[in-house]
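If you read the sequences in order, they're chains A and B. Letter 79 of the first sequence, counting from 1, is numbered 79 in my numbering, and no numbers are missing. Letter 150 of the second sequence, counting from 1, is numbered 150 in my numbering, and no numbers are missing.
Simulated from the structure, these hints should not be mistaken for laboratory data. Heads up, some of the hints might be wrong.
30 Å max Cα-Cα, derived DSS-like pairs, lysine-lysine [as the list claims (entries may be wrong)]:
#: 1; chain 1: B; residue 1: Lys106; chain 2: B; residue 2: Lys69
#: 2; chain 1: A; residue 1: Lys255; chain 2: B; residue 2: Lys124
#: 3; chain 1: A; residue 1: Lys256; chain 2: B; residue 2: Lys106
#: 4; chain 1: B; residue 1: Lys106; chain 2: B; residue 2: Lys124
Here's a subset of chain B near chain A, in silico, CB distances under 7 Å, partners left out [to be verified]:
#: 5; residue: Gly55
#: 6; residue: Pro59
#: 7; residue: Leu215
Sample of chain B residues with no beta-carbon within 10 Å of chain A, all distances over it, derived [to be verified]:
#: 8; residue: Gly116
#: 9; residue: Asn270
#: 10; residue: Gly271
The structure displayed is predicted, hence computed values, not measured ones. Glycine included, every Cβ here is placed at the ideal spot set by N, Cα and C.
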Amino acid sequence: MSGMFILYAEIRKYITTPLFRILNGIGLGLLLLYSFLLLGAHQVGLWYMTAFDYWVGSMNLYVTNVLPFLFPLFAAYTCVSEIQWRTLMFPCFDGIPRRAWISAKAALAGISLLIFTGLYMVVAIMLGGSLFPLREIYLENLSLSPGEAMLRVAAGAFWIGFILYPFGLLAQMLAILSRNFLVGGIGGALTFLAILILQSSAYNPFRPCFAVAQQIVQVGDLLTPAFLALATRALLMNLLLVVGLLLALVSVFEKKDIVLE
Amino acid sequence: MGGSNIVLETIHLAKCFGPVRAVTDLNLSIRTGEVYALLGPNGAGKTTTLSLIAGLLRPSAGTIRFFGKPGEMAGFIGVPPVYPHLSGYAHLQLAYQSRGLPPDLKRIQEVLMLVGLEQAQHRKAGTYSTGMRQRLGIARALLFPARLILLDEPTSGLDPEGMLEVRQLIRTLHQEEGITILLSSHLLGEVEQVANRVGILVDGQLRWEEDLESLKQESRLCEVEVSEPEQVGEAIVPWGTVVGRRNNRLTIRLHPGISLDQLNAGLVRNGFSISHLSRKANRLEAAYLEICHGIQL
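Whenever a hint applies, use it, and build me the whole structure from the sequences.
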């Protein structure tokens, strides 16, 4: 129960930081720019788009190009800022075990990822629905209503967010070790991008994870045994990575001297 | 070990940073209700010691025993930290939430008033002066019943008025609230004003520890005003040594075990007319200079 209170305090501290607003602003600013360009192209007849096309495009723009930088940076910042502000001494005096504190930071990273993705997708869905024609779409032989199509895109975005989450934990660990949020953030981001670029390689253990993301927006029927097996494998693989990194993060932080700025 | 009146003890505590020994074989016992001051020059290991006690640093060797529950130790190391984007009031609310407690708004207002921050409570803490941060740090330390408060150079960076206020606050906490305080400082005057017991740290080692009250009793420096001061030097050899002179007033360091009465009797026997005889007030300074720099007053 006290873990929930620690998490609530962490959320309250970090949702109000200027950096959180700026990073969200960057995502939304890019979305507006993207919308403006596509709407222009659509209006002059250069490029015909449906709302679904817009949603898929804006999702790809954000979750594979922008969020992999924004999220690890913010995750790293949630740890390093406490060293820079010297506020890391508060949990020590408050008698909060280091394990509980760092676990709350890991949970905070997950919640911030949900907010980054959720806020962007809500705005993208609203913009797409109001700027472009809402048509039913055909994936393979299956017809999807605009609402179903919208849910597919949102599910794809959150799934990629789920793949990205362990790289936020990696960024937090690197940040604690280096005491620098840029090192942590860029380290986490570059590792994710390397895996993303090599997603089609047969040796990439994340291959099933990316395949699931693609199939969510490309395959008609998702309730096939093949897709469910793929999704289960990807889910277990990512959960294993999350647990491993979480244990490593706790272990690193428990042994480390906290030398404040 | 750890009798009921002991709040905290360190046993053979040591901390190394690579080849550098910051704290060596430190044995400290802090008693309930006292203000214990760790005194020492810069780099003596005071902040490292407090950081070890607070749990920020892991000891290289030795043990720290705190005879209280987790969370019953409060305070700050160095300049009190703040979340720059949050108000002072929000800091105190967060202190409750971090401990899994609903904020006690009445208590928050009480401590804000006690430290004199009630007017600035809704300003962002990033805009606070050093003095206001010190007061916010102390306010946070006072929110919950604490068995021990750690204060690392609590008046550092403050203007004279701020120093006065913080010293007064420390005295109030000790005398009226009965709180045990462990503080570090390199300001002798400050320590003399607020502490009951003093330990001098040099190169990470506790070189000297004394009750300030008994120190006053045991002072070996005294001031004597006599009629013929130039002849005193040879006459008082059995009782002490002249270490300073201003006009007719001499500063004498007594030999160990010699009392002021014995010196008085010796001077009278030798025919000196004494118009003033007292113990010199700066005993802590004398001890500090001797231990830290080998200078004998």
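Results of checking the hints against the structure:
Of the supplied pair hints, the one linking Lys106(B) and Lys69(B) holds, its CA atoms being roughly 24 Å apart against a limit of 30 Å. Distance restraint check for Lys255(A) and Lys124(B): the Cα-Cα separation of roughly 34 Å exceeds the 30 Å cut-off, and the hinted pair is therefore not satisfied. A hinted pair counts as satisfied when its Cα atoms are at most 30 Å apart, and Lys256(A) with Lys106(B) does not qualify at roughly 38 Å. With a CA separation close to 21 Å, the supplied pair Lys106(B) and Lys124(B) stays within the 30 Å bound.
At its closest, the beta carbon of Gly55(B) sits 4 Å from a beta carbon of chain A; the interface hint therefore holds under the 7 Å criterion. Given hint, Pro59(B) at the interface with chain A, is violated; its Cβ is 10 Å from that chain's nearest Cβ, farther than 7 Å. For the restraint placing Leu215(B) at the interface with chain A, the shortest Cβ-Cβ distance is roughly 31 Å, beyond the 7 Å limit, so the hint is violated. Distance check for Gly116(B) against chain A: the nearest CB is about 22 Å away, which clears 10 Å, and the non-interface claim stands.
Distance to chain A confirms Asn270(B) as a non-interface residue, since its nearest Cβ pair spans about 60 Å, more than 10 Å. Gly271(B), annotated as away from the interface, keeps every beta carbon of chain A farther than 10 Å; the closest lies near 64 Å.
Of the numbered hints listed earlier, those contradicted by the structure are 2, 3, 6 and 7.
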